[in-house]
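Order-wise, the sequence lines are chains A and B. Position 160 (the first sequence) corresponds to 418 in our numbering; numbering is contiguous. Position 160 (the second sequence) corresponds to 418 in our numbering; numbering is contiguous.
None of these hints come from the bench; they were simulated from the model. It is possible that some hints are incorrect.
For chains that are exact copies, the list does not tell them apart, and a pair is met inside one copy or across any two.
[Said to hold, decoys possible] Derived DSS-like pairs (lysine-lysine); straight-line CA-CA distance at most 25 Å:
no., residue 1, residue 2
1, Lys627, Lys655
2, Lys319, Lys592
3, Lys425, Lys627
4, Lys622, Lys655
5, Lys319, Lys627
6, Lys283, Lys627
7, Lys287, Lys655
Protein chains: 2
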Amino acid sequence: MKTVPGGVCAAKGFLAAGIHCGIRKNRSKKDLALIVSETAASAAAVYTTNLVKGAPLIVTKEHLKNGTARAVVCNSGNANTCNADGREIAEAMSELTAAAVGIDPGDVVVASTGVIGQPLDIAPIAAGIGPLAAALSKDGCPDACEAIMTTDVQPKEIAVEFTLGGKTCRLGGIAKGSGMIHPNMATMLVFLTTDTAVSPAMLRRALSTDVQSTFNMISVDGDTSTNDMVVILANGLAGNPEITEEGEDFAAFMAALNTVTVWLCRAIAADGEGATKLLECSVAGAADLASARTVAKSVVCSSLTKAAMFGEDANWGRVLCAIGYSGADVDVNKVGVSFRSAAGEVEVCRNGAGVPFSEEEAAKVLHEKEICILVRLGDGDAAATAWGCDLTYEYVKINGDYRT
Amino acid sequence: MKTVPGGVCAAKGFLAAGIHCGIRKNRSKKDLALIVSETAASAAAVYTTNLVKGAPLIVTKEHLKNGTARAVVCNSGNANTCNADGREIAEAMSELTAAAVGIDPGDVVVASTGVIGQPLDIAPIAAGIGPLAAALSKDGCPDACEAIMTTDVQPKEIAVEFTLGGKTCRLGGIAKGSGMIHPNMATMLVFLTTDTAVSPAMLRRALSTDVQSTFNMISVDGDTSTNDMVVILANGLAGNPEITEEGEDFAAFMAALNTVTVWLCRAIAADGEGATKLLECSVAGAADLASARTVAKSVVCSSLTKAAMFGEDANWGRVLCAIGYSGADVDVNKVGVSFRSAAGEVEVCRNGAGVPFSEEEAAKVLHEKEICILVRLGDGDAAATAWGCDLTYEYVKINGDYRT
C-alpha cells in the first residue's frame, strides 16, 4: 500500500469542486463543495448519535437506504440544524444538485456544517450549484476540501493505492474537524471515495467496523456534534472482483480504509480548535477492548490533562485521575504511565505510584508537537488508542466568539 | 431560618484554626487547618467515586465506621495521593492531631488537597500541629477556610440558624473547590458542623440524600477528583430532642443542610478555576429526575457552551447540542431554551427551533456575573438544577502550569 495524491479524486471516476457561493460573508473562503462519481456507486454512512440531528443527516439517511449514491454536496457556514424548515432546505439542496449533475435526487448525499439554529438561505446555493457542477474536475479535491472547513486551520486530504485481484485500487478521503468533536458512532464530516468494487452490505460493514477504532476514538472538546457524518462511495471502476463477503480481499480493503481513516483522525485531532499539540493515548494491558477504549478516551478528554500538555507539564497525577474516573474497571495499583515523543520517552508512574524522573528530560519530551501518553494496565491483553489535542487559550478565544 | 456568621464555628462547641506549617513554600499562604468539637459528635461523610482515591480518604473511611468523630485535620499543597507511603502519612497525621488535641486517633477525619503523586513530608505537620491546636478558637473559621484553599480565589464559609424542639440550632460549613471539580457521589473538600442532636444513621441519611441534588450537580471541568469528600460533624450541644427518625425535625434539619450546601455549591462553581461567571442550568418538564439531572449537568459541562458564556454569546445551538448528546431520552422537538440573569430573560428556542430575539437584549442578559440557562422539556414534570462556570483563558493558564 502506498500514499498517492488526489484525495477524493484519486480513485477512478471521481470528480470534485469547491466554490464560494455566498453562504459566508467572507468572499475569500469557499463554502460549497461537490463530489461526484461518474458511474453508480455503492454507498455507506455512519451518523452522529446526538438526539438533535442536522436536517441534512435525516435526508441523507433516507437517500442511502438503497445502498447507492452518486454525489455529495456540502456547505459550510451553517449547519442547517434546529431550523423549522431544515428538512425542506436539505431536500432542495439535493434536488438542485441532482439537476445540475444530471442524476436522481435520491443519489445525493447532503451535508452541512457551521452554526446551529440559523435558517439556511437556499438562494446562494441555487445560484452557485451550476458553476459548481461546471467546475468539477480531477484536480478539484483541494477546493472541495477547503469548502467544507469551518475553524479548521489545515485542510485534511489523503489517498492510498493498493491491489485487489491484480487490479490497482485507490481509496481517498477529506475531512473537516476542529470543534464540537467528540464523535459517537460517527464523526465530523468525512467523505471517502474508492474505485474498489464492493457491495453495499460489505461497504457498510467495513465502515461501521472501522469507525469504532478510529473516528469514535477522537475528541477535541467532549461535545458530540449534531451533524457528524462519515460517508464512503465505491464505484467499482478499479475492476477488481466485487467484494461480497469476508476474506482476503475484504481484509485488504479494510487495511486501506484504516490507513486513510487513522491518518484523518490524527489530522482532525492535531487541528483541533486552538490546538498546538496532537495527543495520543495508547492503552495496553486492559481486561477487554471496551475498558481499553474507555480509559484511552477518558485521558484525551480530561481538561486538566489537556491543559497540562499545553503547559508541557508532566503532571501525570491528572492522567491517573482520568483513568480512575473513566468508569472502566481498573486495578489502579497496577497502572503505569510514560510520556513519549520524537524527543524520547520518560516513565513517570509504576504500580499506581510515582517514580523519580528527570523534569528536564520530561520537559524535552513534552516540548514536541506530537505527544503519546502510554498507559500500562495490569488487567489483561486488550489495547486501544485515542487521539485528542491540548487545551489552549486559542480554544477559548475561538469559542467565546464563534457566532458573531 | 437565618444566616449567621462564624462558618464552622457558628455551632456550639466547635473551634477552628489554620496556620502556615511549611508544606507550601509560599509563607503567606496557610496550609494546615483544624476543626475540633469540644464534645463527642455524630459524623457522616461521602467520598469520591474515582477508583484512584487519596490515602486520607481511605483512613477517614475507617475512622468514621463507628459514626462518630471529634476533629478534622486538612492540609493543602499536596493531595497525598498515588504515593507509596500515603496511608502511613495519613495515619501519622491522625495520630499527631489526636495527641495535640487529646482525643483518640480514630476520632480524626484526615483530608489533603493539592498536587497528586508527590510524597507528602510529615515533618512540617509534626512541627506545626502543636501551634495549630494552641490556636483553636471560636474565631478560627476564616483561617481554617484559607488553609484548605488551593487555586480558589474566594474563601467559602456560611452558617445558618434554625429551631428544633424549641432549641436554637446552627449548621455551618467551609469548602474548597476551584479545579478538578466534577463530583460524583461526593465533592471537593467540604466540612460541615452543627450543634443539632442527630443520630449517626440519620446524619448519614441526611448527607447522602442532600449531595445528590447539590454537590453532585456541580462541575467546573468534568474531572472527578481523587480526593473529594464532604464531612459533617453534629455534637448535639443545641439540646434539641435527638433526631433518630424521619419527621418534622428531620425535614427542618434537611432544609438547613440544603441551604448551606446549595450556597456552597454556588460559591464553588462561581469560584471555578479562571471563572468569570456562575452558570446555572435549570431543567423543567423532564420525564424523570434522572433525565432532568443528566440534561442539566450535560449543559453546564459543555466546553462549547461554557466558552460561549465567557464570550457572552447567545449561541443556544450549543445548549441544544449538549442536551442531545446527554444520554437522556428527550423529545428534541419539544425543547425550549431561555437565558436569564439580573438584567432580564430572553427566549431563544422553542419546540427545538430558534425564535427571533434581540441580540442586544441577549448581550445585556449575558453580560451579568450569574447566568441561568432555562431548559424546558416537554416530557413530564421532573426538574433539576446544575451549577458550573464559564471556560476562560485563565483556566488554561492556571492548569497549563499548576505543578511547577
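Outcome of the hint check:
1. Lys627 with Lys655: both (21 Å within a copy, 19 Å between copies)
2. Lys319 with Lys592: Intra 45 Å, inter 23 Å, cutoff 25 Å: inter-copy only.
3. Lys425 with Lys627: neither (38 Å within a copy, 65 Å between copies)
4. Lys622 with Lys655: Answer is between: at 20 Å across copies they meet the 25 Å cutoff, but 28 Å inside does not.
5. Lys319 with Lys627: Neither, since 38 Å and 43 Å both go past 25 Å.
6. Lys283 with Lys627: Result: close neither inside a copy nor across copies, 33 Å intra and 33 Å inter.
7. Lys287 with Lys655: within (20 Å within a copy, 32 Å between copies)
Taken one by one, the earlier hints fail for this structure at numbers 3, 5 and 6, listed in ascending order.
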